[in-house]
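Below are the chains, spelled out letter by letter.
Protein chains: 2
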Amino acid sequence: MTEKGEKALLPAGMVDLLPPEAAQESAAISRILDLFSACGYQRVKPPMLEFEETLFDGAGAALSQQTFRLMDPLSQRMMGLRADMTTQVVRIAATRLSGEPRPLRLCYAGQVLRVKGNQLRNDRQIAQVGAELIGSESSGADAEIIALAASALEKIGVTRLSVDIALPTLVPAIARTLGLSPSESADLREALDRKDAAAVKAISKEHGKLLSALLRAAGPVERAVAALSRLTVPEDAQEELERLLAVVERLRELKPDLRITVDPTEHRGFEYQTGVSFAFFARGVRGELGRGGRYAARAAGGCFEPATGVTLYMDSLLRALPEPDAPSRVYLPAGHDPKIATALREKGFVTLAGHDPVEEDRKEARRMACDYWLSGETLRKVEEN
Amino acid sequence: MTEKGEKALLPAGMVDLLPPEAAQESAAISRILDLFSACGYQRVKPPMLEFEETLFDGAGAALSQQTFRLMDPLSQRMMGLRADMTTQVVRIAATRLSGEPRPLRLCYAGQVLRVKGNQLRNDRQIAQVGAELIGSESSGADAEIIALAASALEKIGVTRLSVDIALPTLVPAIARTLGLSPSESADLREALDRKDAAAVKAISKEHGKLLSALLRAAGPVERAVAALSRLTVPEDAQEELERLLAVVERLRELKPDLRITVDPTEHRGFEYQTGVSFAFFARGVRGELGRGGRYAARAAGGCFEPATGVTLYMDSLLRALPEPDAPSRVYLPAGHDPKIATALREKGFVTLAGHDPVEEDRKEARRMACDYWLSGETLRKVEEN
Numbered sequence: 001m002t003e004k005g006e007k008a009l010l011p012a013g014m015v016d017l018l019p020p021e022a023a024q025e026s027a028a029i030s031r032i033l034d035l036f037s038a039c040g041y042q043r044v045k046p047p048m049l050e051f052e053e054t055l056f057d058g059a060g061a062a063l064s065q066q067t068f069r070l071m072d073p074l075s076q077r078m079m080g081l082r083a084d085m086t087t088q089v090v091r092i093a094a095t096r097l098s099g100e101p102r103p104l105r106l107c108y109a110g111q112v113l114r115v116k117g118n119q120l121r122n123d124r125q126i127a128q129v130g131a132e133l134i135g136s137e138s139s140g141a142d143a144e145i146i147a148l149a150a151s152a153l154e155k156i157g158v159t160r161l162s163v164d165i166a167l168p169t170l171v172p173a174i175a176r177t178l179g180l181s182p183s184e185s186a187d188l189r190e191a192l193d194r195k196d197a198a199a200v201k202a203i204s205k206e207h208g209k210l211l212s213a214l215l216r217a218a219g220p221v222e223r224a225v226a227a228l229s230r231l232t233v234p235e236d237a238q239e240e241l242e243r244l245l246a247v248v249e250r251l252r253e254l255k256p257d258l259r260i261t262v263d264p265t266e267h268r269g270f271e272y273q274t275g276v277s278f279a280f281f282a283r284g285v286r287g288e289l290g291r292g293g294r295y296a297a298r299a300a301g302g303c304f305e306p307a308t309g310v311t312l313y314m315d316s317l318l319r320a321l322p323e324p325d326a327p328s329r330v331y332l333p334a335g336h337d338p339k340i341a342t343a344l345r346e347k348g349f350v351t352l353a354g355h356d357p358v359e360e361d362r363k364e365a366r367r368m369a370c371d372y373w374l375s376g377e378t379l380r381k382v383e384e385n
Numbered sequence: 001m002t003e004k005g006e007k008a009l010l011p012a013g014m015v016d017l018l019p020p021e022a023a024q025e026s027a028a029i030s031r032i033l034d035l036f037s038a039c040g041y042q043r044v045k046p047p048m049l050e051f052e053e054t055l056f057d058g059a060g061a062a063l064s065q066q067t068f069r070l071m072d073p074l075s076q077r078m079m080g081l082r083a084d085m086t087t088q089v090v091r092i093a094a095t096r097l098s099g100e101p102r103p104l105r106l107c108y109a110g111q112v113l114r115v116k117g118n119q120l121r122n123d124r125q126i127a128q129v130g131a132e133l134i135g136s137e138s139s140g141a142d143a144e145i146i147a148l149a150a151s152a153l154e155k156i157g158v159t160r161l162s163v164d165i166a167l168p169t170l171v172p173a174i175a176r177t178l179g180l181s182p183s184e185s186a187d188l189r190e191a192l193d194r195k196d197a198a199a200v201k202a203i204s205k206e207h208g209k210l211l212s213a214l215l216r217a218a219g220p221v222e223r224a225v226a227a228l229s230r231l232t233v234p235e236d237a238q239e240e241l242e243r244l245l246a247v248v249e250r251l252r253e254l255k256p257d258l259r260i261t262v263d264p265t266e267h268r269g270f271e272y273q274t275g276v277s278f279a280f281f282a283r284g285v286r287g288e289l290g291r292g293g294r295y296a297a298r299a300a301g302g303c304f305e306p307a308t309g310v311t312l313y314m315d316s317l318l319r320a321l322p323e324p325d326a327p328s329r330v331y332l333p334a335g336h337d338p339k340i341a342t343a344l345r346e347k348g349f350v351t352l353a354g355h356d357p358v359e360e361d362r363k364e365a366r367r368m369a370c371d372y373w374l375s376g377e378t379l380r381k382v383e384e385n
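Taken in order, these protein sequences are the chains called A and B. Residues 1 to 385 (the UniProt record's numbering) are what the first sequence spells out, left to right. Residues 1 to 385 (the UniProt record's numbering) are what the second sequence spells out, left to right.
The shape of chain A in the complex, shown without the other chains (with noise of 0.2 angstroms):
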């Protein structure tokens, strides 16, 4: 069977890992989780299935067109197979975990299922990993979810990163107090896509300098952060824009030598966010590692807390890996002593036990991708010099 034959036998988007990929990934995942968990998030592990009006409620509905439905045979109900966990795991803080204090930490990590690829992504079962912190206006709480992103990237290996900062909210705060109509405000969100500065100005009357100048202080952070400490803003967009710099300014201080970069006009997918909000890069890898930002989190009696998360995503985040370290795998002949094979697990290697006598333990170790085997108490290794 070929090796293309093979692949057709899972549906499109749906793939097998195999090693050492697959245990790359599940331990990148424990890691990232292990130092979300010693920042104080909680881990929470919301079901596969629910019923389709929790899965859709507030920002889930812009998934509703992805997501897998089933019928649940028990209370003949529709059930959606979740596209992603935010919603989730924002359904478990307004709910059971409603009384504890704010702000509130939580993390998980699971698969997300999706009816099909897009672009950017062809698979349709991506593994996620994420952090929310729920209850806090504060800008601090912007810029811990984006260090704590990114410090968890560097600890798994990801080299090269960049966060790029967004603030999705700016440019529509403007837009209001420039009384544009909708077309208007649709050409004008457009032109700021295009960077076609002359039509931004056109479009924005006696804004144009000022969204002219937003686009140009797009950049790395420095230079980003001097030109919108130099602009004035209509007051309904002053207090975004304090608080992007406000954001940018503590993260620095986390994370002195992250490489970041500004671009206070971009909004692309972060149309469900309500403030600041970011996408992880490592420059040469295809695809984001990660994103997100401010949003509001539906809380209980139809209320919201203000709230901040990011979603990393395995399926790039491998991409940008360094291939794993393979450890030395050691052949245990028939009749070994079971506290050796023990022994040298503690030791780091990995033992594989022969069940029967063979002709040759040497050529036995070989034929099972050992590097070394167990000669009476001695380890000798498969290719001497």
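Do not rely on the hints blindly, as some may be mistaken.
To be verified - Pair ranges (Cβ atoms, derived):
(1) A:Cys303 to B:Gly376: 15 to 21 angstroms
(2) A:Arg216 to B:Ala369: 44 to 50 angstroms
(3) A:Ala300 to B:Ala334: 24 to 30 angstroms
Said to hold, decoys possible - As a list, the in silico DSSO-like pairs of lysine-lysine whose alpha-carbon atoms are at most 30 angstroms apart:
(4) B:Lys205 to A:Lys155
(5) A:Lys363 to B:Lys255
(6) B:Lys381 to B:Lys339
(7) A:Lys347 to B:Lys347
(8) A:Lys116 to B:Lys116
(9) B:Lys381 to A:Lys339
(10) B:Lys195 to B:Lys209
(11) B:Lys155 to A:Lys339
(12) A:Lys155 to B:Lys155
(13) B:Lys347 to B:Lys155
(14) A:Lys195 to A:Lys209
(15) B:Lys195 to A:Lys381
(16) B:Lys363 to B:Lys339
(17) A:Lys347 to B:Lys209
(18) A:Lys347 to B:Lys155
(19) A:Lys339 to A:Lys381
(20) B:Lys195 to B:Lys205
(21) B:Lys255 to B:Lys205
(22) B:Lys155 to B:Lys255
(23) A:Lys339 to A:Lys363
(24) A:Lys155 to B:Lys339
(25) A:Lys347 to A:Lys363
To be verified - Chain A regions said to be covered by chain B (calculated; three or more residues, Cβ under 8 angstroms):
(26) 39-51
(27) 110-121
Derived by calculation from the structure, the hints in this document are not laboratory data. Glycine included, every Cβ here is placed at the ideal spot set by N, Cα and C.
For chain A, the structure is supplied; the task is to place chain B on it using the hints.
Chain B in isolation, oriented as in the chain A frame:
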């Protein structure tokens, strides 16, 4: 909202794992997989969704009734949401890993979903962890899998562990030599399940004595082995019985302190096993912690490979674990030095960062359920005596 009302948000048998259980489950899974890996079992990660025809291949057919089904909008073919992972791992062994040397050791962890719960297990989503040893007929392979699972369970803190060993193919082999009709065979099966020695004797004619002796042999390993060693069984069953004794002997060498019981006539739940089978229990804990045994793994070209494996069920396993140790939590007031925070985490503390100044750090630390707060560079206990 009441606890009950909140729980009803989720479909029956679907649960949110909360702190600290979610972290405890995940830590237990990691530690089990670490041991499996150290013993040469390489991690694989099959997808949650597969086409029906691969998911229900071979032994997977048994789970067809229990499997949620979905239409794949891309291929217009039916997919199943896995109800078990063994079939998937066997598929991987038979296709993409068919060229790897045998015996092939693979391990996995993941969520499985079932259409309905049962009396023993209400949950419809269960986290499974397992190991499969494919391509060895040796009794040493059976012993290795049982010992491996026992070691993993001990490692994560399960106490009062026991394993019940069965040989579900033994009675059918004896029944074949008796030439029983299908209904007589069923009667015999039922009488054995009831441990009804008189009925067993009546049905099994000239083998009445043998089957009664098998019934009586069930129990703690020393007694069972002594009784079974004395038996003379029909030729067809002799090899089976010798293998059972060989597995038990090797297992006792590998795990001299493991509590083992043998029930040579037990077969319930082992319908798809082809040889020595087993189930793990912890005294005082409801439900099996795991089970497994020998089976025929479908290989390329319609062949079968001899295989054995084990699956551990995290829901019952969590009930068998001691309460996890809660790490000490430290509140770090706003403006703290990030380096001190890192140093504290490296010492095993959980740190919770404050983002804005508060009236009294100690009070805030208590509100956030911390044991300590950082005062300058000094850790101070929240509740001083």
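Results for each hint:
Between Cys303 of chain A and Gly376 of chain B the beta carbon distance is about 38 angstroms. The supplied range of 15 to 21 angstroms is therefore violated. Take Arg216 of chain A and Ala369 of chain B: their Cβ atoms lie about 47 angstroms apart, and the range 44 to 50 angstroms holds. Between Ala300 of chain A and Ala334 of chain B the CB atoms are about 28 angstroms apart, so this pair conforms to the stated range of 24 to 30 angstroms. At roughly 70 angstroms between alpha-carbon atoms, Lys205 of chain B and Lys155 of chain A are farther apart than 30 angstroms, so this suggested pair is violated.
Restraint check: the Cα-Cα separation between Lys363 of chain A and Lys255 of chain B comes to about 29 angstroms, which is no more than 30 angstroms; the hinted pair holds. Annotation: proposed proximity of Lys381 of chain B to Lys339 of chain B holds, straight-line Cα distance about 20 angstroms (limit 30 angstroms). With a C-alpha separation of about 23 angstroms, the suggested pairing of Lys347 of chain A with Lys347 of chain B holds against the 30 angstroms cut-off. Restraint check: the Cα-Cα separation between Lys116 of chain A and Lys116 of chain B comes to about 27 angstroms, which is no more than 30 angstroms; the hinted pair holds.
Between Lys381 of chain B and Lys339 of chain A, the direct Cα distance comes to roughly 44 angstroms. Violation of the 30 angstroms bound is thereby established for this hinted pair. About 14 angstroms separates the Cα atoms of Lys195 of chain B and Lys209 of chain B, which keeps this hinted pair within 30 angstroms; it holds. Taking the CA atoms of Lys155 of chain B and Lys339 of chain A, the gap is about 15 angstroms. The hint holds against a cut of 30 angstroms. Taking the CA atoms of Lys155 of chain A and Lys155 of chain B, the gap is near 27 angstroms; set against the 30 angstroms cutoff, the hint holds.
A threshold of 30 angstroms between alpha carbons decides the hint, and for Lys347 of chain B with Lys155 of chain B the separation of about 23 angstroms falls inside it, so the pair holds. Of the pairs offered as hints, the one joining Lys195 of chain A and Lys209 of chain A holds, with about 14 angstroms between alpha carbons and a cut-off of 30 angstroms not exceeded. For a cut-off of 30 angstroms, the pair hint linking Lys195 of chain B to Lys381 of chain A is broken: about 55 angstroms separates their Cα positions. Restraint check for Lys363 of chain B and Lys339 of chain B: the C-alpha separation of about 24 angstroms stays at or below 30 angstroms, so the hint holds.
Distance restraint check for Lys347 of chain A and Lys209 of chain B: the Cα-Cα separation of roughly 53 angstroms exceeds the 30 angstroms cut-off, and the hinted pair is therefore not satisfied. For the hint pairing Lys347 of chain A with Lys155 of chain B, the CA-to-CA distance comes to about 17 angstroms; that is within 30 angstroms, so the pair holds. A C-alpha spacing of about 20 angstroms is found between Lys339 of chain A and Lys381 of chain A, which places the hinted pair at or below 30 angstroms, so the restraint holds. As the CA atoms of Lys195 of chain B and Lys205 of chain B are separated by approximately 17 angstroms, the hinted pair is consistent with the 30 angstroms bound.
Using a Cα cut-off of 30 angstroms, the hinted pair Lys255 of chain B and Lys205 of chain B is violated, with the two alpha carbons roughly 39 angstroms apart. For the suggested pair Lys155 of chain B and Lys255 of chain B, the alpha carbons sit about 13 angstroms apart, so the restraint of at most 30 angstroms is met. Note on Lys339 of chain A and Lys363 of chain A: the hinted pairing holds, with a Cα-Cα distance of about 24 angstroms set against a maximum of 30 angstroms. Only pairs whose Cα atoms come within 30 angstroms are accepted, and Lys155 of chain A paired with Lys339 of chain B is accepted, the gap being roughly 15 angstroms.
For the hint linking Lys347 of chain A to Lys363 of chain A, the alpha-carbon distance of about 24 angstroms falls within 30 angstroms, and the restraint holds. Counting residues of the region 39-51 of chain A whose C-beta lies closer than 8 angstroms to any C-beta of chain B gives 12; at least three are required, and the coverage claim holds. Counting residues of the region 110-121 of chain A whose CB falls under 8 angstroms from any CB of chain B gives 5; the rule of at least 3 is met.
Of the numbered hints stated above, those contradicted by the structure are hints 1, 4, 9, 15, 17, 21, listed in ascending order.
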